[in-house]
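Visitor: Going down the list, the protein sequences come from chains V and W.
Following the numbering used here, the numbering of the first sequence begins with 5 at its first residue and continues without gaps.
Following the numbering used here, the numbering of the second sequence begins with 5 at its first residue and continues without gaps.
Rather than coming from a laboratory, the hints here were simulated on the basis of the structure.
Some clues are possibly wrong.
One copy or two, it doesn't matter: identical chains are merged, so the pair holds either way.
Stated by the list, open to error - The calculated EDC-like cross-link candidates involving lysine to aspartate or glutamate, where the alpha carbons are at most 20 angstroms apart (straight line), are:
hint	residue 1	residue 2
1	K200	D53
2	K200	E50
3	K244	D189
4	K121	D170
5	K200	E186
There are 2 protein chains.
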Amino acid sequence: MRPAIADALRLPGGPVDLTTIATDATPGFDGTKTDGRAALADMQVELADLQERLWAERTAGSQRRILLVLQGMDTSGKGGVLRHTIGLVDPQGIRITSFKAPTEEELAHDFLWRIEKGLPEAGYIGVFDRSHYEDVLIGRVRSFADPAEIERRYGAINDFEARLTDEGVSVVKCMLHISAAEQNDRLAARLANPDKHWKYDTSDLDERTMWSAYRQAYEIALERTGTDAAPWYVVPSDKKWYRNLAIAHILLDTLRGLDLHWPAARFDVAAEIRRLAEEAPVR
Amino acid sequence: MRPAIADALRLPGGPVDLTTIATDATPGFDGTKTDGRAALADMQVELADLQERLWAERTAGSQRRILLVLQGMDTSGKGGVLRHTIGLVDPQGIRITSFKAPTEEELAHDFLWRIEKGLPEAGYIGVFDRSHYEDVLIGRVRSFADPAEIERRYGAINDFEARLTDEGVSVVKCMLHISAAEQNDRLAARLANPDKHWKYDTSDLDERTMWSAYRQAYEIALERTGTDAAPWYVVPSDKKWYRNLAIAHILLDTLRGLDLHWPAARFDVAAEIRRLAEEAPVR
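Here chain V stands alone, though its shape is the one from the complex:
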């Protein structure tokens, strides 16, 4: 069964208008916050089981892996998803890569150079906290590259993600969609709580003044890089519990789609059972 939430949030092809997608809705789920949290906790067993199978397949030579890309405006909750959703599964099988402002070395290479280095190995669920999409988001809004280079990047991203798919990477991209009013509330809450001041940066408000330019940059990126092989999901994220549940559904849907099996033994099971039973005393 396909999880209903994943189906509901998958972005169809064609032009994207984010103003028509509610940020506080709960598509595919009609329960309360309490229901949603319980539903998330209930998913842990299946998520953990499928993740272990993915990990186990690696020992039998499988190249399969998952890349979950998290994008969204400041305070949209990328960290919360990592804590509450990704935190449900075994940390051994997770590779989180956070992309900050590029370093001098990174800037001396193509924008995809540092992305390649952050890709998950076979068997892993890799999670990108921001990604190559920054290079067509803040890169576009702040004109960090000239228009022809920005233009080139959409195609380069599609080629790159198609190659990843061919290599065995399931690429899943999530945009955490919040309203400007919700971001105001979250920034105000950070400022009101001294325990959260470390999370606040004065540049957050500068970026916020460019809200509509960012929205347009997202719309262009979503439209031009949403493919069957590497789809975008727009996740209403004003409700944190729904956001966490939705990402878990998207991850579960991706794992189920891989049809994962436990690898068969590559040794003589009966012989090993005998060998263990008949061993000399071990002390």
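Fit chain W to the given chain V structure using the hints.
Guide: Frame of chain V, contents of chain W only:
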């Protein structure tokens, strides 16, 4: 308050005789398995809070970090600790490094070269699944290096760990202590369950025949590298629930000992609150 379990398991200086340390005891805890699992779950809030403070301090320039070394015979439960204990805290702040048989490139360097590369950055809780201790354990038992080189390594490890401590790394080393009989049961259980065959390696039984040589190698390593700055804990691990709880206590004790605080704001809080309240409409 110091967690009682951490105190009970900390190895004192002097000669080590592992045959005198029970593998199925529960030092510092007199509850049942159910109590132990509940006690572990109850620790999540404080562990997560302290981990976030460690992470937050990094933004204020702190160099502090934790390195938790997990060592133990096959099936002693390093993976279980990662899943059940390390899995309690935010995966964003965790760096797990697993050390397998060294590659050709790694063998061409000193044994600490790959260890340096796997160290956690500031703000992280790093966990080593096996470590540089393999080079004085299997390295000694299987004579992968000559005796003089093995001898040199104990001092090199102490110097290395002393340097890490000076740099701001809290080094904590745990030996997961199981009996040979318990290992037999666990290997037999793996062999009996086709879903677990991928975890089994026929070389496991070859290593098992060297059980007492490994025990002696551990005893020498524990005695020679247990220091005030980088102590060893011997964790009775026949009971999985106790092992997971004990490592959580050791981690909690280490985090509490750091006396972590939320960094003060490095901006004018009142001015930012005003700026947010008075901004032009954002849509």
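Visitor: Against this structure, judge whether each hint is valid.
Guide: Verification of the hints:
no. : hint        : in the structure
1   : K200 - D53  : between (35 angstroms within a copy, 12 angstroms between copies)
2   : K200 - E50  : between (34 angstroms within a copy, 17 angstroms between copies)
3   : K244 - D189 : within (13 angstroms within a copy, 44 angstroms between copies)
4   : K121 - D170 : within (18 angstroms within a copy, 31 angstroms between copies)
5   : K200 - E186 : within (17 angstroms within a copy, 47 angstroms between copies)
Of the numbered hints listed earlier, not one is contradicted by the structure.
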